[in-house]
Amino acid sequence: MKSLGSIRRDFAPWNDPNAKPYIQFDKVTKKFGDFTAVNNLSLTIFEREFFALLGASGCGKSTLLRMLAGFEEPTAGRILLDGQDLRGIPPYRRPVNMMFQSYALFPHMTVENNIAFGLKQDGMPKPEIAARVGEMLKLVKLEQFAKRKPHQLSGGQRQRVALARSVAKRPKVLLLDEPLGALDKKLREETQFELMDLQQSLGLTFVVVTHDQEEAMTMADRIAIIDKGEVMQVATPAEVYEAPGSRFVAGFVGNVNMFEGKIAHGEAGAASIDAGNGITIRTEHAGDAATGAAVAFAIRPEKIRISSTRPAGAVNAIEGEVYDIAYLGDMTVYHVRLDDGQVVRASTMNAARITEDPLSWNDRAWVSFRPDAGVVLTR
Amino acid sequence: MSNAAVTAATSSRATAADKSALARLGEAFVGRLVILIPYLWLVFFFLVPFVIVFKISLSQTAIAIPPYTPVLGFGDGLAGFFAQLNELSIDNYTWLTQDALYVNAYVTSVIVAAISTVLTLLVGYPIAYGMARAPAMLRPTLLMLVILPFWTSFLIRVYAWIGILKPEGLLNQLLLATGVVSQPLIILNTYTAIFIGIVYSYLPFMVLPLYSSLEKMDYSLIEAAKDLGCPPTSAFWKITFPLSLPGVIAGCLLVFIPAVGEFVIPDLLGGSQTLMIGKTLWNEFFANRDWPVSSAVAVILLLLLIVPIMLFQRAQARAQEQDK
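Keeping their order, the protein sequence lines are chains A and B.
Using the UniProt record's numbering, you'd call the opening residue of the first sequence number 1 and step up by one each time.
Using the UniProt record's numbering, you'd call the opening residue of the second sequence number 1 and step up by one each time.
The shape of chain A in the complex, shown without the other chains (with noise of 0.2 Å):
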């Protein structure tokens, strides 16, 4: 298999064994209570990396970054910035700043005040502090909204003053809890492009909590996957996606087809897999599974042809009855009830208006998929 490397391609630091740690969790804890929100968990990230937490609400990932910004100590546990331990260090001298959910813009301030609130605290001189927020109006397109009041503002150009009064500080690291969180699907989209392309401008290193696997998956250098307090996987939005490490990561970001069964045959680089039912699973990815293991053999619906007869040559080929199709313009979701009873999920790109081979509601018809397009999990 090719190797699945980051978008940024002369970025790597991860790979690389010399590469100095920016942020280092190390084996950290945080209960409330008795509560573990975040369970003996380590975590590097690199210097202007791009780093996600994902995962669903209540798993953790916001306690990281807010023990990361100094509102939460670890209950056990050390958190590294730049070789420095950052136990006992206020969030008011930490060098990082954070972009909240909420926003959480100072309402009785003005938009430049707003902007300049962390520069006054370090006493800036205010020329340099007039200038600052210049540069930041204008890098985050408000202008003309200098001497506005927050609740005069849309809910997207809130989010431009929360996001240019935190890196206004030029902080060594920038937090931004589910910045996205609260526009709308079009601007969310565009405004994932623009924080791309502040983060490159800026040199920050961005850590961003999110429970948007699509977000996550657009924005980030690497993903960590957060469950109950710790790391399932932490890797490239295309590892995370092609190679995920568990059944786990596999169901969480997109949409996957899982089959369990057993190794019946394995060998270097394929095994076959026993999924039951007279199934049987060629696969060019048979992991570390040694004969006889149980495993699941996961399979994303967009790698899985449909057609109404057995294509011809075709390693993996299972019969079944189409039961729902979904139109969604761009694609076209099949889902195929086997014999078994089990569902399986394809999806088909609709690259001509018109298609060739329709399929309907209760037709007999063949899943098919080629032995490279599956992994197996093991975990």
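Among the hints, a few may not be true.
[Unchecked claim] In silico DSS-like cross-links for lysine-lysine, where the CA-CA straight-line distance does not exceed 25 Å: (1) A:Lys-149 x A:Lys-120; (2) A:Lys-126 x A:Lys-172; (3) A:Lys-120 x A:Lys-172; (4) B:Lys-238 x A:Lys-147; (5) A:Lys-120 x B:Lys-55; (6) B:Lys-55 x B:Lys-279; (7) A:Lys-147 x A:Lys-185; (8) A:Lys-172 x A:Lys-20; (9) A:Lys-31 x A:Lys-20; (10) A:Lys-149 x B:Lys-238; (11) B:Lys-216 x A:Lys-149; (12) A:Lys-120 x A:Lys-138; (13) A:Lys-120 x A:Lys-185; (14) A:Lys-126 x B:Lys-166; (15) A:Lys-138 x A:Lys-172.
In case anyone wonders, no lab produced these hints; they're calculated from the structure.
Put chain B on the given structure of chain A with help from the hints.
For chain B alone, coordinates are given in the frame of chain A:
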């Protein structure tokens, strides 16, 4: 109030768009009626009594029932009514400015009320802040505790303070027993006792509006301030306090206004040495039976209180208008 009326009217109009004309008419009537009730209340229980008091303040005292003249009436026809109106004069008001007693009483009352208000704010703010930051489960209980004293008569509570503050009272006994003082402190019958009484009695009026403005404040604002390099104390003055200003102002008005005219507390705790307008008014009315002069005192007191409040509210409304 007029703003609320306008919104109520618009919303009722919007929802009634597809209803029958009759139902719409009925709804409009109910809407008007709801607005009318507070107006009627104010007219009958504020405006009418005020006009009566104002009229008495323009009359002359007389040994009669009622103890002033003229008594307006139509006994002598319309001409007689106008003749009676001509007898009214502003003599009582000129009298108030000539006697230093009244001016002193007004000034002292305003000063005492102002100091008491500041003291109440200083005591009330930490209480309200603590309540607003308390765990959500505890807040209703704390709120209840603030309101609880109202369940006992105000008069009894002020009397109780005599027992605490008098030279041989509980406070002095405690201080003497612990050796903090060797001579009993003279607190009763001084302005200090009045301050204590007012702060104690009016504390809930300060705490409740403060609490409601502090409680709805988003705590993430404080975190944002800290995140931007602001230490906690500084964050309080730059964020929390400015945002709680509406509560501070409401609380101060709620304490200051009744404190200026306060009678019971200066009378019971302040003794005869202290001079406040509420006591002066009471003396004028009950001891001297001079209804016209006491009415004039009351009218001036009202103007003294209402004019600054109205000016303040207009300034605030204008500021809000500019914000939009």
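Status of each hint after checking the structure:
1. A:Lys-149 x A:Lys-120: 18 Å, holds
2. A:Lys-126 x A:Lys-172: Satisfied, since the Cα-Cα distance of roughly 23 Å is no more than 25 Å.
3. A:Lys-120 x A:Lys-172: 18 Å, holds
4. B:Lys-238 x A:Lys-147: Holds: Lys-238 (chain B) and Lys-147 (chain A) sit about 18 Å apart, inside 25 Å.
5. A:Lys-120 x B:Lys-55: 59 Å, violated
6. B:Lys-55 x B:Lys-279: With Cα atoms ~22 Å apart, Lys-55 (chain B) and Lys-279 (chain B) stay inside 25 Å; holds.
7. A:Lys-147 x A:Lys-185: 28 Å, violated
8. A:Lys-172 x A:Lys-20: Status holds; Cα separation ~15 Å.
9. A:Lys-31 x A:Lys-20: Judged against 25 Å, a Cα distance of about 29 Å means the pair is violated.
10. A:Lys-149 x B:Lys-238: Between Lys-149 (chain A) and Lys-238 (chain B) the Cα gap is close to 16 Å, so the pair holds against 25 Å.
11. B:Lys-216 x A:Lys-149: 19 Å, holds
12. A:Lys-120 x A:Lys-138: 19 Å, holds
13. A:Lys-120 x A:Lys-185: Measuring from Cα to Cα gives roughly 35 Å; hence the hint is violated.
14. A:Lys-126 x B:Lys-166: Roughly 57 Å between the alpha carbons, so the hint for Lys-126 (chain A) and Lys-166 (chain B) is violated.
15. A:Lys-138 x A:Lys-172: Given that 25 Å is the threshold and the Cα spacing comes to 21 Å, the pair holds.
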